[in-house]
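> The listed protein sequences correspond, in order, to chains A and B. Residue numbers for the first sequence follow this note's numbering, beginning at 3 and rising by one. Residue numbers for the second sequence follow this note's numbering, beginning at 22 and rising by one.
The hints are simulated quantities; they were obtained by calculation from the structure and are not laboratory data. Some clues are possibly wrong.
Keeping only pairs whose Cα atoms sit at most 20 Å apart, straight-line, the calculated PhoX-like set for lysine-lysine is [claimed, not checked]: (1) K330/B <-> K64/A; (2) K358/B <-> K215/B; (3) K551/B <-> K398/B; (4) K208/B <-> K64/A; (5) K164/B <-> K68/A; (6) K398/B <-> K428/B; (7) K68/A <-> K208/B; (8) K330/B <-> K68/A.
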Amino acid sequence: MRHIIAMLLENEAGALSRVAGLFSARGYNIESLSVAPTEDPTLSRLTLVTTGSDEIIEQITKQLNKLIDVVRLMELTDGPHIERELLLVKVNAAGNAREEVKRLAEIFRGRIIDVTDKNYTVELTGDGEKLDAFIEALRPSGIVEVVRSGVSGIARGDRSLRVEKTSARATATQD
Amino acid sequence: MELSGADILIRCLQDEGVEYIFGYPGGAALHIYDALYRQDKVKHILVRHEQGAAHAADGYARSTGKAGVALVTSGPGVTNTVTGIATAYMDSSPLVVISGQVPSQLIGQDAFQECDAVGITRPCVKHNFLVKDVKDIAITIKKAFYIATTGRPGPVLVDIPKDITAHKAEYAYPKTISMRSYNPVTKGHPGQIKKAVELILSAKRPMIYTGGGIIWAEAAEELTDFVRLLGYPCTNTLMGLGGYPATDPLFVGMLGMHGTYEANMGTHQSDVLIAIGARFDDRVTGELSKFCPHARIVHVDIDPSSIAKNVPVEVPIVGSAKAVLQELTKAIKATKKKPDAAALKSWWAQINEWRALNCLAYDRKTELIKPQYVLEKLYELTKGQAYVTSDVGQHQMWAAQFYKFDKPRHWINSGGLGTMGFGLPSAMGVQLAHPNKTVACVTGEASIQMCIQELSTCKQYDLPIKIINLNNRYMGMVRQWQEFFYDKRYSHSYMDALPDFERLAEAYGHVGMKIEKPGDVEGALKEALKLKDRLVFMDFITDQAENVFPMIPAGKGHNEIIMSPFLAAAPINRELA
Ligand SMILES: Cc1ncc(C[n+]2csc(CCOP(=O)(O)OP(=O)(O)O)c2C)c(N)n1
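Chain B extracted, bound-state conformation (with noise of 0.2 Å):
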């Protein structure tokens, strides 16, 4: 029998296993949108605004390792998305973002609600697809989910115009697709295997960095084994953590620009460097000609194109994550050579001299609420449990140093391009995905009011996310550069006229709660986590001043790292004992 190009769309997602669509409606999608309505087995999240479509199907996919999908009309309903894709095209996260375009005769017309939806998203997509024919829908959809979750994956963005979703076809999904331009390696190069693990034991200050690589890999178990089996110290990236347990010794915290002392301390020093599923991000390296100058390096990447594109690699491997990491265990296992237990004696001694300055603390006798001691709280709470998604800003980096992720997939935040706005639309996708587990957003007073609209849909569905708002009166991020790097001209970095948050959270049907005491945060929170079925938006009036530590500034190297003034009385060894 024939199908509608609509209907044949629709099809396609229930047969990928689709469970949901995030998107608005508009004339374009309109054929679709009455397709969906024909049908009950994937279900259509109705967002207030694309960006938080994307976000959303972004929140799910991080959170579950599936494809995010999201649906949205021609013209402004596409470009709305694109922040949402390049989120996720940052941070390697699989999307499809279906998009209405204008009828085929229309296309180059200047029609209304027209753009050149596959020429705008072209540099921030995997691939991007516009489909000509209703023939090729179906193969088109079949590719887009290929392309998105395998390999290094990303978002695919399929473009349809209208009159397509109308013509009939036949319908059939493949079952199976082969690219002869896209065939992702998996395993790495025995060779280069080979000479990786020579390397490995061959250190005597190892570092093993890790990112967002072993989360996308599903290789936080294999990881875990690796590092366990050689002893050897673990930092992860923004993106990387709860790639491996933050609770476990081997773990030294997280590295880069608001990473912990040891961790930067431990890369800057080290002679062997294992980075896997990690980039060598800015925010990581530091400068790139003070990192890691004694360092013979070691590089896992899925992605070709990531290695040696920063730093150069002595060993590279392309490979997943997951497979390299086998093979590596495997073959240290297999070799009669040992880690050298006297250096890594020392070593750890190193380390855990640098550990005990203990870098993250804060002044906990204050009048004043510190952020730091609100995370606490919630790690506490929740014991180490929930989903925590976050936005961009101080809060971020707070949520990550004081938040200790034990799994993968906990952890969702916008490391790549550092987005605004993120935070409570992802939440959305995250508490969707797991509808029985506490989801928290970690936002400040400037980022939750880019999506703010979202509150409305949270209401629609139920979603009972629990907003933990850092409201500081300031972009705070944004007052800490000034106030260190523009001798404390704070330029438009204050957050005026603001809302009262708990009223505006009770205006969309929500709770609202304001914290002003240090005393009353452990309450508030412990009462926000029992309203199970509602979302809370605690509004935490915090410290102003306060600052993210250890800080590297830009153009730095990891040893140039700047600590906390609370911890001015201890001294800093910057060198090698």
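Isolated chain A (complex conformation) (with noise of 0.2 Å):
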């Protein structure tokens, strides 16, 4: 089963190589990470897509909780949430691909943001499914390079992972 679990980071050096020495010192899978500064300066938020059984997710989640770094964490597909990945994609723009490229970015409304002669270069955003549909109707025009940021999630309603400023402890609201 795919899980996406959302975190909050001490806004340490060190803190990521923590998580991410975490998974291949107990053998688990990473499928996407993605880990930016939040509002709050000394926090980052991190989300991170992998897969496994329930007891393996349960371990993950017990073991990424040990890290002193990790303040908070929820797993965002307990519950309804919202998922986007970021796209950008270079593609052969050149003859007929010129045409049908443009077609398909309008169809899967995605912005051309870079323009030659040979090629262009497509931003979209959405989910994986939507993302790799794309990347497969670009295929036979001919994709020279793909970026994906890696999946950013949010639970959708009330719930959230956040930090209580005034008491400096970290607490996850569940509504």
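Two independent chains are provided; combine them into the complex using the hints.
Written as structure tokens, this is what we have:
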């Protein structure tokens, strides 16, 4: 089963390698991982996509919680959530492909953000399946380069992953 | 007044109440060593190899419950401690290791004696820090001790670049600390306690299985009350010995690969298994698919990730063994339900039948010294009161089987990592922490050679350790596996070209003895124990062919335990009567 785990990490040097090291040391999969600072400069937010049985996912979340730099953790796939990924794709746009790629970008609601005689660069956001489908559709035109950001995710509704500022203590609200 | 980073560090250690640091100097640590020179509150013990520093700090920690502290230089200094740090990590021992680092501006330049200490130790520490500002030293040291000693304890490394130890700052040591990302639980969840009590009291064939968590949580007394209140059998893991008095009739001995027949059969046939501060290690469970086929399991542990890691658990309780045992005992006393006396009676009859096989028996009528005999005599002559450290191998298992530990923190060994070389340096830490107590290091002629240089440290600080070298001229445990599982192909397990240990000990300024006949064992031990202020190295030339029994071969279930051929005549009942 595919799981998305979101984490708030202390924004410290080495915090990311503790997370990555845990996965390699214990033989867990990482499908994708994205990380960036939050509105609170002392925290970064990490979204990690992994697969495994329920027992393995339970171990993964427990092991992650054990890392001193992990402040708070939430399994997004436990409830309704939104996931998004950014794709940048450079694709051949010579001859017939020029029209075809433009048409496909429109269908998928992507944006062409860079143009040369030979290539288009297209930007697209969506969930993983949508990006996969777009890449498949472009394939016959000749893909030059694919860049994916990895999944970012957020829970729907009032469920949120955050740290209470007032109490310096970590909490997550679950309504 | 502003102090240098090095002075701040030493003040932190003083204010933390550190008695001893075990260390070895070098370039990146020289400001720190200079600060040490200018004070006499914290005593520095100069080891002969940094592995010894980590193990000595570990022995100090295990025998006191306080954090052990090591100080080393950058590069090879810190890489030499890695084995010791990993050893402490596997057995949840609180260490604070301080390493010098090359100056900040040289980090990443492949500078002389540079290594990524934080990176290299990351997988075997509870946490580690690289200090980047002199103002952070005090808070980092406070955090290091806090993290090392609370929750599930473990080693913490603090890496400090040389320039930071020269920079100046005001000194203030924080009194308390709270971290938003680290809040270890202690109390068990009341709902889970209730469920556990119900399950515990419904048992017909209970077994209480406890590990090192009892020792680290200082919960031996609570465990004893709990076991006696119920009248249930209790077994300890290798790391848990001393958590329950071994001479108590409710104790059925050690569990696992070389545990007793009654402990292993009792666990296998149990219908309710109460695991406390233990982690279902493979050396304890044997083949998981064959583990406890009938048991419903309660598991108490301070580390949530230990629960349901290897074995599914019906009632998990996250909490400190001490707090949870108090809560369980209180709840059991408060309920009207009592343990099932009739079921317990027949269960004990069964256990006593297994026990009557006397699974640890060995041949006492030989010309050769039996290692078990040496340990029995050691137990007798020290009246069970000694601190015993060990290395890794057969001698370790025999010590665990034959020295009956009634008190916690007296049995000090590397169970998780299984580190040969642990015995002597850890004994140094124990002896320093308990200067007037007998400290025996039970070792083998292979293990002792892995940190034998520490004999020199023992001389410098007058540590009167009693070394019991069970010299079988083999890496005995390796030889045993080769005998059983490799058709007696003894590949590289013979210890050739051994030194004359008696004279070696004397060369280091200690007392050496060589004991070759069973009749001399007792006298030699008596004589050695009388030499209260001297280290005595006793080289016992033992039976080369002796094996450790019982044994559950890897991949087998508890009920597939192999008994000593010496017992061959006795009938073995592996089913429930
Ligand atoms: C550092 C290290 N290397 C290798 C091993 C594997 N090993 C386990 S027991 C053992 C033999 C120990 O021999 P000895 O110290 O003579 O003890 P004996 O088994 O003979 O009592 C070895 C090599 C280990 N545990 N630790």
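> In ascending order, which of the hints set out earlier in this document are inconsistent with the structure?
none
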